[in-house]
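J.: Go ahead and model the full structure; you've got the sequences and the hints to work with.
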Amino acid sequence: ADARLEADGALGAPGDRLRFSLRAPTVAPLVALSGRAGADGVKGALRVDGTLSGRLDAPALQVQADLERLDVQGRVGARAVSLRADLPQLTGGIATASLGLRLEVRALSAGALRVDRAGLEASGTAGAHVFALTAEAPRSSLSAQGSGALSFDDASSGPRWQGVLRTLRSAGDLDVRLVEPARIDLRAGAFALEQAAFTSDLGSAQIARVQWRDGRFAVNAQATVAPTRPGRMARLLEALGVTLPEARAGFDPDDLRASLRAELSGSGLADASGTLQVRMSDAGRSDAAAAADLRLDDGRLAGPLELAIPSLAFANRLIGPAWAIDGRMRFAGRVAGTLQAPRLDGTLTGSDLRLQQAAMGWRLHSGTLSGRFDGERFRLDALRLHTGQPGSGSVELTGQVRVSDREGAFTMTASRLAVPIGPGQRVVMSGQAELTSRGGAFDVKGTLRADEGLIELRGGDAPVLPADVVIAGRTTAADAAAAPGDAQRLRIAADIALELGEQLRVRGSGIDARITGRLNLRGTLPETPRAFGTVRIRDGRYSAYGQQLEITQGRIVFNGTIDNPQLDIVALRRNQTVEAGVALTGTVLSPRVRLTSQPEVPDAEKLSWLVLGVPLDSAQAGAQGAALQAAAASLFGSNDGGLAGSLAQALGLDSISVRGATGASGLTASGFGGTGFGTSLPPIPGQVGGGMSAATTGGAVGDNVVAIGKRLGSRLYVTYEQGLRGVWNLLRVQYDITERLSLRGQAGSESALDLLYRYSFD
1 ADARLEADGA LGAPGDRLRF SLRAPTVAPL VALSGRAGAD GVKGALRVDG
51 TLSGRLDAPA LQVQADLERL DVQGRVGARA VSLRADLPQL TGGIATASLG
101 LRLEVRALSA GALRVDRAGL EASGTAGAHV FALTAEAPRS SLSAQGSGAL
151 SFDDASSGPR WQGVLRTLRS AGDLDVRLVE PARIDLRAGA FALEQAAFTS
201 DLGSAQIARV QWRDGRFAVN AQATVAPTRP GRMARLLEAL GVTLPEARAG
251 FDPDDLRASL RAELSGSGLA DASGTLQVRM SDAGRSDAAA AADLRLDDGR
301 LAGPLELAIP SLAFANRLIG PAWAIDGRMR FAGRVAGTLQ APRLDGTLTG
351 SDLRLQQAAM GWRLHSGTLS GRFDGERFRL DALRLHTGQP GSGSVELTGQ
401 VRVSDREGAF TMTASRLAVP IGPGQRVVMS GQAELTSRGG AFDVKGTLRA
451 DEGLIELRGG DAPVLPADVV IAGRTTAADA AAAPGDAQRL RIAADIALEL
501 GEQLRVRGSG IDARITGRLN LRGTLPETPR AFGTVRIRDG RYSAYGQQLE
551 ITQGRIVFNG TIDNPQLDIV ALRRNQTVEA GVALTGTVLS PRVRLTSQPE
601 VPDAEKLSWL VLGVPLDSAQ AGAQGAALQA AAASLFGSND GGLAGSLAQA
651 LGLDSISVRG ATGASGLTAS GFGGTGFGTS LPPIPGQVGG GMSAATTGGA
701 VGDNVVAIGK RLGSRLYVTY EQGLRGVWNL LRVQYDITER LSLRGQAGSE
751 SALDLLYRYS FD
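Just so we're aligned: the sequence shown equals residues 1 to 762 in this note's numbering.
Hints may be right or wrong, so weigh each one.
[Stated by the list, open to error] Listed next, with one range per pair, are the computed distances between beta-carbon atoms:
#: 1; residue 1: A262; residue 2: D185; range: 17 to 25 Å
#: 2; residue 1: G74; residue 2: A171; range: 29 to 37 Å
#: 3; residue 1: G77; residue 2: L264; range: 29 to 37 Å
For the record, the hints were derived by calculation from the structure and aren't laboratory data. Yeah, the Cβ is synthetic: ideal placement off N, Cα and C, and Gly gets one too.
T.: Structure, rendered in structure tokens:
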């Protein structure tokens, strides 16, 4: 391929020197020449420089080989591999020839193993040499020394290396020391380690024999775990990617005691034979233990298994910070099947089980569990949790599931179960639902009834960032949905009928009411719930404009998305000649509000009866006028998503307001009364009520008008004014000729044509 070999010089005479070099930008074609399976999966760039000198019968060799970017089928890789060999004189055969070797590897990776630097040095002869091995990882280091011999006794099996490992020491996450020398035997397709004993601050291990030959393994070893240094077990598990809770959560890893004895042989898990004995206990608790005595016969598994877990708190780090569990579990039975597909037969019991979700206020406790493993299935006889003392609200789960594919069916029965839906809010539910599972997906069907409850309406949500603001490093909801593991997320397909009962109360934002009705909740939870049905307001009151309004008609119709139902609500101020109030229609996201009354009267009268409880003609005081003006502004103006909504926006107008009547000069007519000019003035063009005194216009109420405006262009603006009393009305059109000069015409109660010039000064 693209490999190049160059040689220059001579070889044969005592003073001859032959220099050679090899350059291979990719080693795959060269490795493929070996004919080995998978050789084409080796990648890297090879560079070799060397020198041969001396006679042909006793040459000397010096060689330096460098391999960069090594990759073996994506499983093993290294940034650089360097080998230097020095053989002063190859005389009398390779077994007696002197040699010096140095191998160095940088940035080695093999699966989860990461080594920053590793080195091997050897000196002596092939038949008798010593070696030293070093390795450095991010949080640990290793050093070893020994001796060995390379022989070619059996030409059919190739060379064989036999050695003695005399010292071995690792430091870092795990301190390990070799207690006595161990024998090592290496040959093509075979490996054996015999009589090795190790000790560490976690325990000890004795290896009688570990062997791999012709595709088969044999293990005869035992180990004990008994940590001797505080925190060592936790740091080791953390290095392996396993995070456990603190000791106060119910489990201290330093209290772990375990023993393992294995005598196994075979070619893999499918045909392993032998015995495996496991014992585990917790030095801090006498009720924590595990024991297994397993026999394997050609991959088939049999033996007793007992497991006692005094606290489930260790699992909290695995399920995330939102939920917390605790309690005791115990299993007693036997193991059958195979190592690849084990089967359990026995009973599983639990006591003092607790489930907590702090954000919503879930607190289920005093739980019990009884079930049994029956080969391929787990049959749950009962899992019961309580919201208070035993005998109070509870939830119970029964059913069965197939362990292999998690396909099963369960029945959930709730009896006055308090379901928190927010701080200080809860709904007490009763009913029954059927749950079916298939590979981690759940379907829920059933009927639940609200026995009682309280739902509080909030005035507004917490502020959130707009969609176009992105914080670097933060995972968004869209990113989480597109993550590779998204298919494994818990999804619940729901079809649940919710009976709201007679005692479900809604309170907040001025509302205090009891609701009833029936809803059908469908869709995928928690992502896309959909609701169908009608909720009716049974009785209630609404506080608005300083009054307590009685809700006389109330319906909330759900027909799809759960956050945007249809509204049909009427609230009236009762027990007066004209019962006035507001009617709310539209949807939650786009509400429409209007004044209503029984009997029907003009809107100005409705507003007066609603706010003041008197007809408009009787509202003479200035404070009453101010109250009407504030109520009208709240009702018709923008309120940023309150009950009334923005009427101006809904009607396509630019402004709706209630203000004092003004003319072209921006001064009220009553402003001239009683100031030395007399009680009457000649009409002022463009002045509302020009020439009328304050007494004539009826005071503060008469000076208030409802004004609506719409801009028809960048220079043209149209307004219409309607007085809250009397027959005052005015249509005004204004055209801006320049930034300072405007032409305005008006018609109605007074007609005028004005030319306005504006000049600003301090």
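J.: Taking 17 to 25 Å as the stated bounds, is the beta-carbon spacing between A262 and D185 within them?
T.: At roughly 20 Å between Cβ atoms, D185 and A262 fall inside 17 to 25 Å, so the hint holds.
J.: Could one say that the CB atoms of G74 and A171 fall in the range 29 to 37 Å?
T.: 31 Å Cβ-Cβ, so the 29 to 37 Å window holds.
J.: Using the C-beta atoms of G77 and L264, is the stated range 29 to 37 Å upheld?
T.: holds, 31 Å
Comparing the model with each earlier hint shows no violations; every hint is respected.
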